[in-house]
Amino acid sequence: MRFKKRYLFLLIPILFFAMCKSELMSFRRSEARTVRYFEKKRLEAPRFYTIETEGRSIHYTHVGDSTKPLVVLVHGSPGSSSAFLSFLADPRLTEFAQVVAVDRPGNGYSDFGRSEPSLEKQASALRPILERHRATSAIVLGHSYGGPVVARMAMDFPELVDGVFIVAGSIDPELEPREWWRKPIDHPLLRWIFPTSMVVANQEIRPLYEELQAMMPLWEKVTCPVTVVQGTNDTLVPSGNADFAVRMSVNSSRLDCRMVEGGSHFILWTMQDYLVDLLRDMAEL
Numbered sequence: 045m046r047f048k049k050r051y052l053f054l055l056i057p058i059l060f061f062a063m064c065k066s067e068l069m070s071f072r073r074s075e076a077r078t079v080r081y082f083e084k085k086r087l088e089a090p091r092f093y094t095i096e097t098e099g100r101s102i103h104y105t106h107v108g109d110s111t112k113p114l115v116v117l118v119h120g121s122p123g124s125s126s127a128f129l130s131f132l133a134d135p136r137l138t139e140f141a142q143v144v145a146v147d148r149p150g151n152g153y154s155d156f157g158r159s160e161p162s163l164e165k166q167a168s169a170l171r172p173i174l175e176r177h178r179a180t181s182a183i184v185l186g187h188s189y190g191g192p193v194v195a196r197m198a199m200d201f202p203e204l205v206d207g208v209f210i211v212a213g214s215i216d217p218e219l220e221p222r223e224w225w226r227k228p229i230d231h232p233l234l235r236w237i238f239p240t241s242m243v244v245a246n247q248e249i250r251p252l253y254e255e256l257q258a259m260m261p262l263w264e265k266v267t268c269p270v271t272v273v274q275g276t277n278d279t280l281v282p283s284g285n286a287d288f289a290v291r292m293s294v295n296s297s298r299l300d301c302r303m304v305e306g307g308s309h310f311i312l313w314t315m316q317d318y319l320v321d322l323l324r325d326m327a328e329l
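Quick note: the sequence shown uses my numbering, first residue 45, plus one each step.
FYI, nobody ran anything at the bench for these hints, they're computed from the structure.
Only a predicted model underlies this, so the values are computations on that prediction, with no experimental measurement involved.
Hints may contain errors.
Stated by the list, open to error - Dumping the calculated SDA-like pairs for lysine to any residue here, alpha-carbon to alpha-carbon at most 20 Å:
(1) K112 x D134
(2) K227 x Y253
(3) K227 x I237
(4) K112 x K84
(5) K165 x P261
(6) K265 x T276
(7) K84 x S101
(8) K227 x E254
(9) K227 x N246
(10) K112 x L87
(11) K265 x S162
(12) K84 x S162
(13) K165 x G99
(14) K265 x L174
(15) K227 x F238
(16) K227 x K265
(17) K112 x R73
(18) K165 x D155
(19) K165 x E255
(20) K112 x S162
(21) K112 x L322
(22) K85 x G99
(23) K84 x G99
(24) K112 x K265
(25) K85 x P135
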């Protein structure tokens, strides 16, 4: 029995390490698996692209008629374009829009593991997608950490962004927690223990307070329509972030703030039909 226990204690850390390095913990889905998902739904297969920009490879998935308004979906941290799989396969969305789901720098299949802590550079890396696919107009939707990324896109190249759509976005620097433990777990001696996706997420979130502070004077550049959807019971991103959006979007041509009573951080998936309706409203402006 003692012999078995000894090997059990050896097996536990091995299994933990294997789980951390598994595909499941990468928060991404291969192109082949994505195609199979569409086949099961009897939908036309999506198109996959990888572009080179500013020394980085950016991977994204595209569906829909390229002549329609463009909707770009930007995931949180950790995450990848697979977070929007159900949106890509939603005929109600592709009825009025062509849709792109991106892998942000360092995530998914965009140089996985090579993090980018700068929101300015995160936004800049996605600019070529707008330049390539924007036919008539472009709406950028960001969930969680994707929220400040899409806001930064509207600040830095407003001529390409016709609508900002923030779902449970971390945009208020004063509401951003500054956990003491984020620095020590980023030490090289500890970093190898954790899944690559979590390491990237930590390296993105650690400087987020300073990044959001730097964006404060840039909010006046956001002149396009802004829609904010926030759950009142979000335990990851405080609902006060929506109030911040209202205060800062003073130059927006149209501000629509929706507080979802009892909604959690995961309203992106639990209220997809509602969000698609709001996207349609914005696309028709």
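Okay, the hints, checked on the actual structure:
1. Proposed proximity of K112 and D134 is supported: the alpha carbons are some 15 Å apart, at most 20 Å.
2. Distance hint between K227 and Y253 is fulfilled; the C-alpha atoms sit about 14 Å from each other, no more than 20 Å.
3. Restraint check for K227 and I237: satisfied, since their Cα atoms lie roughly 15 Å apart, inside the 20 Å limit.
4. Of the supplied pair hints, the one linking K112 and K84 is violated, its CA atoms being roughly 25 Å apart against a limit of 20 Å.
5. A threshold of 20 Å between alpha carbons decides the hint, and for K165 with P261 the separation of about 17 Å falls inside it, so the pair holds.
6. Straight-line distance between C-alpha atoms of K265 and T276 comes to about 28 Å, which puts the hinted pair past the 20 Å bound.
7. Proximity of K84 to S101 is assessed by CA-CA distance (about 29 Å); at most 20 Å being required, the pair is judged violated.
8. A distance of roughly 15 Å separates the Cα atoms of K227 and E254; the hinted pair therefore holds under the 20 Å criterion.
9. Simply put, K227 and N246 have alpha-carbon atoms about 9 Å apart, close enough for the 20 Å limit, and the pair holds.
10. Taken as a hint, the K112 and L87 pair is honoured in the structure, with Cα atoms around 18 Å apart against an allowance of 20 Å.
11. Restraint check for K265 and S162: the C-alpha separation of about 19 Å stays at or below 20 Å, so the hint holds.
12. A distance of roughly 38 Å separates the Cα atoms of K84 and S162; the hinted pair therefore is violated under the 20 Å criterion.
13. Annotation: proposed proximity of K165 to G99 holds, straight-line Cα distance about 11 Å (limit 20 Å).
14. As the CA atoms of K265 and L174 are separated by approximately 18 Å, the hinted pair is consistent with the 20 Å bound.
15. Taking the CA atoms of K227 and F238, the gap is near 14 Å; set against the 20 Å cutoff, the hint holds.
16. Distance check on the hinted pair: K227 and K265 sit about 33 Å apart at the alpha-carbon level, beyond 20 Å; violated.
17. About 26 Å separates the Cα atoms of K112 and R73, which puts this hinted pair outside 20 Å; it is violated.
18. Distance restraint check for K165 and D155: the Cα-Cα separation of roughly 14 Å lies within the 20 Å cut-off, and the hinted pair is therefore satisfied.
19. Distance hint between K165 and E255 is fulfilled; the C-alpha atoms sit about 11 Å from each other, no more than 20 Å.
20. Distance hint between K112 and S162 is unfulfilled; the C-alpha atoms sit about 31 Å from each other, more than 20 Å.
21. Between K112 and L322 the CA atoms are separated by roughly 17 Å; this keeps the pair inside 20 Å, and the hint holds.
22. For the hint linking K85 to G99, the alpha-carbon distance of about 37 Å lies beyond 20 Å, and the restraint is violated.
23. A distance of roughly 36 Å separates the Cα atoms of K84 and G99; the hinted pair therefore is violated under the 20 Å criterion.
24. Between the alpha carbons of K112 and K265 the distance comes to roughly 26 Å, so the proposed pair goes past 20 Å and is violated.
25. Taking the CA atoms of K85 and P135, the gap is about 11 Å. The hint holds against a cut of 20 Å.
Hints 4, 6, 7, 12, 16, 17, 20, 22, 23 and 24, counting from the list given before, are not met by this structure.
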